Amino acid sequence: MIKVENLVKKFGPKTAVDDVSFTVEPGEILGFLGPNGAGKSTTMRMVTGFIPPTAGTVSVGGHDILDNPVEAKKAMGYLPESAPSYPDMTVLGFLRFAAEIRGLAGAEKNKAIDRVVELCFLENVIHQSVDTLSKGYRHRTCFAQSIVHDPDILVMDEPTDGLDPNQKREIRQLIRRMGEKKAIIFSTHILEEVEAVCSRAMIIDRGKVVANGTPSELSSKSELAGSVTLKVRGTGAGAIRSSLDKIDLVSKTTTVEEKDDVAWVRAFPKDQPKNGEVSAAVAETAAKENWSVVEVYTERGRLDEVFWNLTISETEEQPK
Amino acid sequence: MGNIKTIAKRELNAYFASPVAYVFIVIFLLLTGFFTFMIGRFLEANEASLNAFFMWHPWLYLFLVPAAGMRLWSEEHRQGTLELLMTMPITPWQAIVGKFAASWLFLGVALCLTFPMYITVNYLGDPDNGVIIGGYIGSFLMAGAYLAVTCLTSALTRNQVIAFIVSVVICLLLILAGWPPVTEFVNGIVDSLAPNATWIVSMVSSFSVMTHFEDFQRGVVDPRHVLFFLSVIGFSLFSTSVVLKSKRS
Ligand SMILES: Nc1ncnc2c1ncn2[C@@H]1O[C@H](COP(=O)(O)OP(=O)(O)OP(=O)(O)O)[C@@H](O)[C@H]1O
Ligand SMILES: [Mg+2]
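In the order they appear, the protein sequences are chains A and B.
Using the working numbering, read the first sequence as starting at 16 and increasing by one per residue.
Using the working numbering, read the second sequence as starting at -10 and increasing by one per residue.
So that you can see chain A by itself, here it is in the shape it has in the complex (with noise of 0.2 Å):
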């Protein structure tokens, strides 16, 4: 478990991360996100006892990172951000040094090992010194190493970072399979990810926590949540329109685009709509006015415009 409050880190005048407070339980994927520069990194930092907070507490399995620092290493994983190895080593050798210094030996090493090469796909280069390693393969290998003990807690860096698609694809499902009993922390600049993978989002901009919960929560703050939209053919935008707003529970429609004979309009709703109650209303009035429809959805909310208006809004408002 790991448990982070009022963390605050200062670099000269400069505070890279302001109050921020939170616990990860066994069975949660804690996702960071944020623009750079945000504080991420540095939080992971402190996390992993790297380096001392200005201020603040962190405590990872019940040991405090200052007072019990090898304790609480012992029981977690990191996945720095550059994920650096050591480039004189051969792939085995260095997860070798990596298992021992967590304390595994014999035959118990030898496990850990397989395994890890098997998880992180590295049996093809681990007898290649680390130095030669293609950027990806580099990554994996510092991957393998964070894991190797399979420790309680992860805290991982930008874990898909330089990984193709496939990759990036099995790295996920690996950190979700791994998240159903560990307690993980890990930060991304792709969205689709926090979705796919975590239970639970912070969004960081400035060294301050603006955003936190499940994806879906997130998502939902997005402005288009709850709004449906309609796609139309063979009557104009304007009539689509008219009509949808005489729906109670409309507050407003836009029209998306027109064209070909196709009009796409969006509805919003009125405060917090009960679920398909407004995309029932707009069917319902579809067939009353004899619409031949294309196509009509409910929008989730998108991430990306949560994480646009949480970081960028502010930007603008308080310009330095």
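Misleading hints may appear alongside valid ones.
Claimed, not checked - Straight-line distance between alpha carbons at most 30 Å, and here's what the computed DSS-like set of lysine-lysine pairs gives:
#1 B:K236 to A:K223
#2 A:K197 to A:K150
#3 A:K25 to B:K236
None of these hints come from the bench; they were simulated from the model.
A quick note: this is a predicted structure, and the numbers were derived from the prediction, not measured.
Based on these hints, arrange chain B with the ligands on the given structure of chain A.
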């Protein structure tokens, strides 16, 4: 202890995984041979001792030890592996000692490979082998002191070249502190300023590796001299831990 061993093993493998180790050993042996036979006139001296061999060690080490140790921490900084090392379940002190021990052992191996010198003098004459052993012990301790200084400078920078140059300068100061011209110079200054404070002169020269190495060359393993080298090592390694800590915060 197990962690220190794991770190040291990795470090030692890193030496021998690259040609640098072999190049280093060859250069070390060539230079000791060159200085001993050509400049030290070992054969002409017609003495059954290794004085001509050991007298060059402070100067040889001046360049060779920083060359062997400069990568110790600067590479960790540069490759980003410091972040791995410092988030593994070990204490920084274990990492520092492990890395230092590996390098020192490596220098010890290079020193041991000069054993043909020992065989040669024993074949040609009848030397006092106690004196020779003393010289080896002193030489090894001195190498350790230089190496610890290099450890410290390489923790300060990610640039190996800077680490090398700064180490050479510091080690040179350690040598020169006891060099007669420097002693006389310090003596002159002290004389003109405070004629009674001769302790300053002896303090400055007591920081010199030369002063402490001389007795070893005579075969005397004086605990005070051993303590001197060990304190230089201890102090430098402790400073290394302070530097590494401050670099991370
Ligand atoms: N050692 C340091 N000294 C000074 N400033 C630093 C240091 N490390 C990080 N920073 C600053 O702290 C801020 C947060 O950096 P951090 O690396 O945590 O961002 P990030 O969210 O991981 O960004 P990215 O998405 O680019 O990885 C940045 O403004 C960065 O310049
Ligand atoms: Mg980062």
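Structure-based check of each hint:
1. A distance of roughly 25 Å separates the Cα atoms of K236 of chain B and K223 of chain A; the hinted pair therefore holds under the 30 Å criterion.
2. For a cut-off of 30 Å, the pair hint linking K197 of chain A to K150 of chain A stands: about 27 Å separates their Cα positions.
3. Straight-line distance between C-alpha atoms of K25 of chain A and K236 of chain B comes to about 14 Å, which keeps the hinted pair within the 30 Å bound.
No hint from the list above goes unmet by this structure.
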